[in-house]
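In order, the protein sequences belong to chains A and B. Counted from 1, the first sequence has number 145 at position 145 by this note's numbering; the numbering is strictly sequential. For this note's numbering, count along the second sequence from 1 and bump the result up by 260.
These are calculated hints, taken from the structure and not from any lab test. Glycine residues also receive a C-beta, built at the ideal position from the N, C-alpha and C atoms.
Simulated DEER-style distance windows between Cβ atoms:
no.: 1; chain 1: A; residue 1: SER167; chain 2: B; residue 2: ILE310; range: 41 to 49 Å
no.: 2; chain 1: B; residue 1: ILE409; chain 2: A; residue 2: THR179; range: 49 to 57 Å
no.: 3; chain 1: B; residue 1: PHE677; chain 2: A; residue 2: ASN193; range: 26 to 34 Å
no.: 4; chain 1: A; residue 1: GLY246; chain 2: B; residue 2: GLY498; range: 25 to 33 Å
no.: 5; chain 1: A; residue 1: MET41; chain 2: B; residue 2: TRP322; range: 49 to 57 Å
no.: 6; chain 1: A; residue 1: ALA250; chain 2: B; residue 2: GLY774; range: 35 to 43 Å
no.: 7; chain 1: A; residue 1: ALA220; chain 2: B; residue 2: GLY498; range: 50 to 58 Å
no.: 8; chain 1: A; residue 1: GLN67; chain 2: B; residue 2: HIS333; range: 51 to 59 Å
no.: 9; chain 1: A; residue 1: PRO221; chain 2: B; residue 2: ALA613; range: 53 to 61 Å
no.: 10; chain 1: A; residue 1: PRO221; chain 2: B; residue 2: TRP322; range: 21 to 29 Å
no.: 11; chain 1: A; residue 1: ASN193; chain 2: B; residue 2: LEU408; range: 35 to 43 Å
no.: 12; chain 1: A; residue 1: SER70; chain 2: B; residue 2: PHE677; range: 36 to 44 Å
no.: 13; chain 1: A; residue 1: ALA250; chain 2: B; residue 2: VAL340; range: 42 to 50 Å
Reference listing, derived: stretches of chain B covered by chain A, where coverage requires no fewer than 3 residues with Cβ under 8 Å from a Cβ of chain A:
no.: 14; segment: 366-373
no.: 15; segment: 545-554
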Amino acid sequence: MTSTSVRRNKATGLVVLLAGLVITGVGYAAVTSTAEASVAMYSQTQIDQGKQLFQQGCATCHGLAAQGSSEGPSLIGVGAAAVNFQVATGRMPMAQPANQAPRKVPVYNDDQIAALAAYVASLGPGPAVPSDEDLNTTDANLAEGGVLFRTNCAQCHNFAGHGGALSNGKYAPSLMNATPRQMYEAMLTGPQNMPVFNDKTLPPAEKRAILKYINELQTAPSPGGLALGSLGPVTEGIFIWTAGLGALLAVAVWIGAKVR
Amino acid sequence: MSTVVDGVGKAIGRADDRAPISSLLKDNLRKVFPDHWSFMLGEIALYSFIILLLTGVYLTIWYQPSMQEVVYHGSYQPLVGIPMSEAYNSALHISFDVRGGLLIRQIHHWAALFFMAAMVVHMFRIFFTGAFRKPREFNWVIGGSMILIGLLEGFAGYSLPDDLLSGVGVRIVAGIIESIPVVGTYLLFFLFGGQYPGHDFIPRLYTFHVLLVPGILLASVGLHLVLIFYHKHTQYPGPGRTNDNVVGFPLFPVYTAKAGGFFFIVFGVTVLMAAFVTINPIWAYGPYVPDQVTAGSQPDWYIGFVDGALRAFPNWESENFLGHTWSWNILIPCVLMPGILVALLLSYPFLEAWITGDTREHHLLDRPRNAATRTALGAMAITFYGILVINGANDIVAQAFNLSINQLTWFTRIGVFVFPPLVFIATRRFCLGLQRRDRDLLMHGRESGQILRLPHGEFIEIHTPISDDEKAVILAKRDIAPIEAPPATDENGIATPGLRAKKWRAKLSNAYFGENVKRPTLAEIEAAEHHHHDEVAHEIDVLHEAGAPIPSELTD
Ligand code: HEM
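Produce the entire structure from the sequences given, and follow the hints as far as they go.
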């Protein structure tokens, strides 16, 4: 590549960056209003039922009015998305205080989860549960999703979404069991050590591209055969030292024994 | 027909008069190769290397060593429309649009892992049996160098596809080069043709990977084999095997047939693995982009120990020390540590010979127990290396076993100093225990586990003598006396030159042989046998007198 074309590339990069900033800025203003104005989605009965469920199942840690305690953070303003994510992935109610609440079979059914979300949403504005349109990936660009995924998610969740370790025993879980809604909510609310990807840093269209890519990771067959957990060279190394070398050593011993 | 054959025969005869190939062949084809499974480890490495050459040539047909930016339009959907280097584009093309391309790529990479693993295991065999001793020291040096060169070659190959993992690897290596004091930055600019990453590195790496290093390796392998041929093969101790003969099968046809068969097995296993198990899914990593990284970014296993050391090393740095910045956190684990390791590896035969003072030629292998200190040193080195390899995978280990990376780091920092010496001590004691057991076997035979109660109430255990084959194996042990420290002055009162070094040598030599259990002399064994005979005769007498039945074990 000649030096002029490099310079030209840099210039175009700058233009793209500026354009991107402008577009996301405008987009953000439009989007945040829809995302946070959704408390009205819930009925008063739902909110009341949610309050009741909350006081039975969550208040020991989060406080009677969700104001927080030494056992759990305040939930005021975390939004319906956070509740839906935490409860639908079975993370909440937390079984025992631990490094990190693991994904498990949810304790509440869909209606109860909606009620809990309604109650927490009524306490203060926060991200709403994404709608079906939010999750519609028909127009999303798969390859762009791959780039976004590798830029924003792979450093914690690994290139194939199989998860990875973080510091001090924390971990980014595998994404193989997450539903599109949970993915979207995870990005909106940034559970635990995961950063929040609000609509300013990652516009909805880009979120949908990521959903499409993760869905590809979840469903596409592995072109090269057995994927060994898609964890990179470590499992490949383990494989060569056990199965590979093991097989050849067995043959060597067999040949050695055969002739003697 | 027969005239053709005659003609060919005559032609061969005429050619043979000039270049005496047939007599050369006759001599060499009758060369004898001893037989043991552990002698086939080197063959695995050799065959993997051949597989690498063959598949590598196939890959060169389509691979484009260029960092020029192109947009992907191949058949792997999740990357269509993405800008990437031509190198990555061509590696994807090989994987998805060349017939058999993915299979060949996977064979090439699995064979690379096999190549390195087999060389390492082969080295273990050489080390623990003392096969590196005179006259084979130079072949040890060639072997050790091939591991080092293979490691660099593997790294170069791993970097060629220019995927995300490759790029991160190259980035780290660039950092390592920069950490070299004073010349680091210049070296980096020299190697990369300017700033990292630049556009020159991949093409240069390509020449290195397909031309320079395979050439060096091919020459080294050739020399290695010629030397094996020239020195003849070593053998394990056993009946009829001495330091001056070789017991085994002729090279032709027995050995060649077996070796040829084994080549196809190695090839078959590699192809099966490549057909069913993914290696280096470059499409999933995506193209290298400097601001991206994935969890589980690891090198191939053979470089893991350097990565492990880097991950464990504390973050030490001195700014402006002697006018330069010193990144101890990279320099020590990635330059000094591997440098020292390689130096020790290559010089071990000479170090050991200096310490033992053993200058004889050895064609009979040591049983690892009989070289207790060497065996313990080897176990210690493997422990050290192993801990670093595991730490190189610390995030995967943490994820798999629900551990904390931070604790693993501390475990490594402490363990790498604590465990190797412990393993040394334990291995050495274990070996000495085995030596003692061998001595007992020679002197008293094997404990049969049968207890006999003599009429006067004494209990004795019946010992059965060991077989002649077993005896031959144990008797092959040669004890060497440790080197004595010289007197400070000779008989004329003149100070011994280099006294300090000689004293050190004597100290090391004593430590090396220290508690070695002496093999009993033949006279001692004979005496013990007589004694045993007398004892048995006495027991029979006692039983006889008491009118008790005499067990058959005593009369055999
Ligand atoms: C001891 C010898 C060798 C070792 C250890 C070795 C190792 C490797 C490795 C680990 C890769 C990365 C493969 C991947 O996953 O894509 C690679 C790529 C490659 N190697 Fe080798 N190699 C060796 C010899 C050769 C030879 C002799 C040639 C050619 C004559 C060759 C040509 C290539 C090419 C063209 C690539 C890039 C193609 C691609 O990545 O798709 N290699 N090598």
